[in-house]
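Student: This is what each chain is made of:
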Amino acid sequence: KQEVTQIPAALSVPEGENLVLNCSFTDSAIYNLQWFRQDPGKGLTSLLLIQSSQREQTSGRLNASLDKSSGRSTLYIAASQPGDSATYLCALWARRGSTLGRLYFGRGTQLTVWP
Amino acid sequence: DTAVSQTPKYLVTQMGNDKSIKCEQNLGHDTMYWYKQDSKKFLKIMFSYNNKELIINETVPNRFSPKSPDKAHLNLHINSLELGDSAVYFCASSQDRGNEQFFGPGTRLTVL
Chain A
1106 KQEVTQIPAA
1116 LSVPEGENLV
1126 LNCSFTDSAI
1136 YNLQWFRQDP
1146 GKGLTSLLLI
1156 QSSQREQTSG
1166 RLNASLDKSS
1176 GRSTLYIAAS
1186 QPGDSATYLC
1196 ALWARRGSTL
1206 GRLYFGRGTQ
1216 LTVWP
Chain B
7 DTAVSQTPKY
17 LVTQMGNDKS
27 IKCEQNLGHD
37 TMYWYKQDSK
47 KFLKIMFSYN
57 NKELIINETV
67 PNRFSPKSPD
77 KAHLNLHINS
87 LELGDSAVYF
97 CASSQDRGNE
107 QFFGPGTRLT
117 VL
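Keeping their order, the protein sequence lines are chains A and B.
Those letters in the first sequence? Residues 1106 to 1220, by this note's numbering.
Those letters in the second sequence? Residues 7 to 118, by this note's numbering.
These aren't lab readings, by the way, just hints derived from the structure by calculation.
A portion of the hints provided could be inaccurate.
Sample of chain A residues facing chain B (criterion: CB under 8 Å; computed from the structure) [stated by the list, open to error]: (1) 1125; (2) 1134; (3) 1136; (4) 1137; (5) 1139; (6) 1147; (7) 1148; (8) 1149; (9) 1152; (10) 1155; (11) 1192; (12) 1208; (13) 1210; (14) 1212.
Below, a list of computed lysine-lysine pairs in the PhoX-like style, where the Cα atoms sit at most 25 Å apart [unchecked claim]: (15) 46/B to 1106/A; (16) 42/B to 28/B; (17) 1106/A to 47/B; (18) 42/B to 1147/A; (19) 46/B to 1147/A; (20) 15/B to 1173/A.
Listed next, the stretches of chain B that the computed footprint assigns to chain A, with coverage defined by at least 3 CB atoms under 8 Å from CB atoms of chain A [stated by the list, open to error]: (21) 30-37; (22) 107-114.
Glycine included, every Cβ here is placed at the ideal spot set by N, Cα and C.
Make a model of the complete structure from these sequences and hints.
Tutor: What follows is the structure, encoded as structure tokens:
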């Protein structure tokens, strides 16, 4: 059974730091993995989507990597800013043989970047 | 230019009532979803429709009934509301199952 874990649950850093958020999964049979951010009282905003065949995706100061063999994805945020403060969630579609399986969400990492 | 919209944004109602939440997407996507986010912020998928056909139906009480009149709309009707139904409900869409998902702003439901 697939389990998606995000550790730590909360992270507080000073502005300007480079930081890494982690997403671990127990079954490497995945179709893709998506990173989201959620601001308080708002919906989820898609950040990056990594297909199973890809190793990383980049968008601006964000870089997401995927290592299926170790069951891990990381979201790297360069030069963090107070505006990056939000909860970051990862979600993955499992693969069931050659078909799409279920969707699993992590519980998120709440990031606070202070000036 | 809202991509995925939901109405209402807030819904406060008494136990036992029946209520509906509406969702619309203008992205031309084929797949739509309903999620429930509980007080601990855990997000759980409830339903998914692909081209108006139900394809995911997680373990959800049958008091919850999704309806998709067309590809661009997926509404959620809830009968006999209970205290435990209080949560934020999110609608989302993607081009197809397994593709990048785009979320609506959420509907905060409070059952008194």
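Student: Classify the hint on residue 1139/A as holds or violated, based on whether any CB of chain B lies nearer than 8 Å to its CB.
Tutor: 6 Å, holds
Student: Holds or violated: is the Cβ of residue 1148/A closer than 8 Å to a Cβ in chain B?
Tutor: With a minimum Cβ separation of about 4 Å from chain B (threshold 8 Å), the hint on residue 1148/A holds.
Student: Hint residue 1147/A vs chain B: min CB-CB distance below 8 Å?
Tutor: Interface hint status for residue 1147/A: holds (6 Å vs cutoff 8 Å).
Student: Once the shortest beta carbon distance from residue 1192/A to chain B is found, is it less than 8 Å?
Tutor: 7 Å, holds
Student: Does the closest beta carbon of chain B sit nearer than 8 Å to the beta carbon of residue 1212/A?
Tutor: 6 Å, holds
Student: Given the hint that residue 42/B pairs with residue 1147/A, test it: the Cα-Cα distance must not exceed 25 Å.
Tutor: 14 Å, holds
Student: Within 25 Å, alpha carbon to alpha carbon, are residue 42/B and residue 28/B?
Tutor: Holds: residue 42/B and residue 28/B sit about 14 Å apart, inside 25 Å.
Student: Just to be careful, I want the Cα atoms of residue 46/B and residue 1147/A compared with a cutoff of 25 Å; is the pair within it?
Tutor: 15 Å, holds
Student: Tell me if chain A covers the stretch 107-114 of chain B under the three-residue, 8 Å CB rule, please?
Tutor: holds (count 6)
Student: Min Cβ distance, residue 1149/A to chain B: is it shorter than 8 Å?
Tutor: Holds. Min distance 4 Å.
Student: Would you check whether residue 1210/A satisfies its interface hint, that is, whether its CB is within less than 8 Å of any CB in chain B?
Tutor: 5 Å, holds
Student: With chain B as the partner, please determine if residue 1136/A meets the hint condition of a C-beta pair closer than 8 Å.
Tutor: Residue 1136/A check passes; min Cβ-Cβ to chain B is 5 Å, inside 8 Å.
Of the numbered hints given earlier, the model fails hints 1, 2, 9, 10, 20 and 21; all others are met.
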